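Protein chains in written order, with this note's numbering: chain A, 1 to 361; chain Z, 362 to 615.
Check before you lean on any hint, since a few could be wrong.
Stated by the list, open to error - To spell it out: a stretch of chain Z is covered by chain A in this simulated footprint if at least three of its residues, at any positions, have a beta carbon under 8 angstroms from a beta carbon of chain A; those stretches are: (1) 442-452; (2) 573-581.
Claimed, not checked - Here's a subset of chain Z near chain A, in silico, CB distances under 8 angstroms, partners left out: (3) GLY389; (4) ARG433; (5) LEU475; (6) SER558; (7) LEU559; (8) ALA561; (9) VAL592.
Simulated from the structure, these hints should not be mistaken for laboratory data. In this text the structure is predicted, and so the values were computed from the model without any measurement. The C-beta atom is built at its ideal place from N, Cα and C for all residues, glycine as well.
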Amino acid sequence: MGNSSEKTDSVLLQYQEYLNKKVVFGIIASILLFFLAIYSIAVGSFDLPIGDVFLVLLGRDLGMANTIIWNIRLPQVLSAIASGAGLAVSGAIMQIILKNPLGSPFTLGISQAAGFGAAFSIVVLGVGSVHSGTDGEIVVNNPYLTTISAFGWAVVSTLVILMLVKFKNAAAETMILTGVALGSLFQAGTTAIQYFADDVEIASIVFWTFGDVGRATWRDLLIITVILLPSVFYFIKNSWNYNAISSGDETAKSLGVEVEKLRTKGMLLSSMLTAIIVSFVGIIGFVGLVAPHIVRKLIGTEERYLIPFSCLVGAILLLASDTVARTIISPVVLPVGILTSFLGAPLFIYLVLRGKNYIWS
Amino acid sequence: MELKISDLAFSYEDKLVLKDVGLTVEQGEILSIIGPNGSGKSTLIKCINRILQPQTGKLILQQQNIKNFTPRELACYLGYVPQHEDRKFPATVFDVVLLGRKPYIDWKPKEEDLKMVSDIISRLDLEPLAMRDVNKLSGGQLQKVIIGRALAQDPEIILLDEPTSSLDLKHQLEVLELIKTETSRGISAVKAIHDLSLAARFSDKFVMLKEGRVYAAGGPEILTPANIEDVYGVKVSIINHQGQTVVVPQTTSA
């Protein structure tokens with residue numbers, strides 16, 4: 001008998017160690033994110049000393065540094081963090097509830113729908129009178145109408161998928177396939193609109209399509225955060241249910257999980273979250289797809305860790321990309337969407353090749 | 362009486378799968394549901410724990426109508442071992458067994474949940490595999506892990522959907538013996554099973570399904586050549602070998 005309780009203890013101990021590793025990962029990632037944020041505030045077309053960054057954030061008035069930090073750098077850094085976290089957690093949830101490693105706002109056509117919405121507002125609703133600002137940037141008149149239109153169309157795409165679930169009892173595979181079809185449809189719609197647009201309108205559509213976290217104002221950031229925090233809270237609260245879904249719908253049901261309800265709510269919430277983010281900062285690909293896979297690769301798949309850590313890793317990824325995009329060919333500032341697409345594709349191929357056993361088996 | 366089912370019917374769209382099905386299971390009993398492919402064995406099991414919703418029928422569990430249980434409460438009474446699972450992402454053996462505690466967990470597992478899971482893992486001799494990825498286990502090992510998860514539900518009845526169908530001979534015996542050991546601790550088992558000789562050896566009673574209806578029900582005495590030929594369409598001899606019933610198929614009848 002003593003022998004058997006010893007064995008039990010050793011199993012418990014192993015499990016505890018295994019959990020500790022994950023907690024350590026979380027702590028390291030948080031510290032990394034913090035210092036990355038400080039660094040990112042300091043660098044740019046005008047470099048600030050790190051010390052000054054701390055002083056200004058702690059409330060000291062240093063003149064011009066204040067203006068730069070509070071009006072430009074801080075909102076950009078925070079929206080990179082919020083958007084990165086939001087896109088990553090949406091991707092993680094879609095992958096879990098659709099039981100498909102390719103689940104992401106992109107594969108479900110939500111990003112493309114938002115892009116179509118933006119083009120729609122610029123050409124059809126006529127927000128497309130664009131002029132060159134003093135800093136040489138293109139400015140879209142009435143950007144909120146563009147945002148609302150982008151969000152509206154993203155919701156349309158989500159609702160189509162959800163209706164399919166509700167009335168046709170669609171399986172996870174059907175949702176992905178429908179998402180791909182919807183994505184192509186909205187892509188085609190955008191192309192059609194571009195065909196009938198004039199030069200200036202095309203310029204503003206293209207400009208909008210490049211995701212750029214520098215576009216978000218404090219008010220945008222507030223809206224994103226108000227949606228993001230309760231969503232993440234809901235996802236973490238349900239992480240045991242998601243864990244059960246990963247074992248298959250029947251198993252999940254036998255464990256008392258109301259699978260259909262959970263899937264519909266999760267799809268709705270993660271799509272909304274994506275739609276809100278995309279409508280404020282434009283299309284930023286790959287963060288939603290790659291961040292959850294990086295977490296799985298590094299610390300495993302348990303949903304109760306995957307969900308919060310995907311937020312952290314997504315935030316780090318997008319913030320790092322944005323910092324690079326702002327400084328790589330300074331003084332030219334690249335929109336981060338271009339960079340994530342360039343980085344994301346090879347990173348994803350690498351993951352597929354190296355992680356073949358884990359992603360596809 | 363643990364579980365009593367009467368007058369159960371289930372159909373997919375307009376295809377009738379089960380009709381007028383009834384059975385009872387007492388505490389500590391092993392009930393085998395037998396019958397050919399498509400006779401409704403799996404469907405019947407899934408109707409019991411409400412993975413599927415039967416159109417009619419009365420299911421009484423612990424003197425209460427199953428409809429009065431929430432899905433989560435039901436999960437505390439009925440453990441479930443599915444025929445197969447489609448798992449895309451890896452998970453450790455410990456985490457898979459821990460998932461059986463799901464109906465009892467709110468925010469995070471308590472110390473006693475973890476303790477119980479480690480106990481089950483030791484009891485099933487799985488401790489060297491505790492931190493391994495379940496996707497990399499053999500079929501027999503995986504089946505033990507899944508049974509471990511069902512036991513972690515701390516159920517009154519464990520439902521098993523063809524628990525031996527993909528296992529080698531040794532693991533078939535091991536799994537069935539494991540179920541027998543667990544029923545001697547007081548839980549009951551309801552299993553769908555194909556191998557009639559193994560069913561005969563590891564069951565207290567039988568429900569024989571034919572085209573969604575109960576053809577015969579009772580103890581080992583219903584395993585007659587006549588019944589089996591009528592239900593499966595195969596002539597068999599029943600042999601008694603060292604006290605055990607062995608069903609030997611002859612030829613398929615024309």
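Hints numbered earlier in the text: which of these fail when held up against the supplied structure? Those not satisfied are hints 2, 3, 6, 7, 8 and 9.
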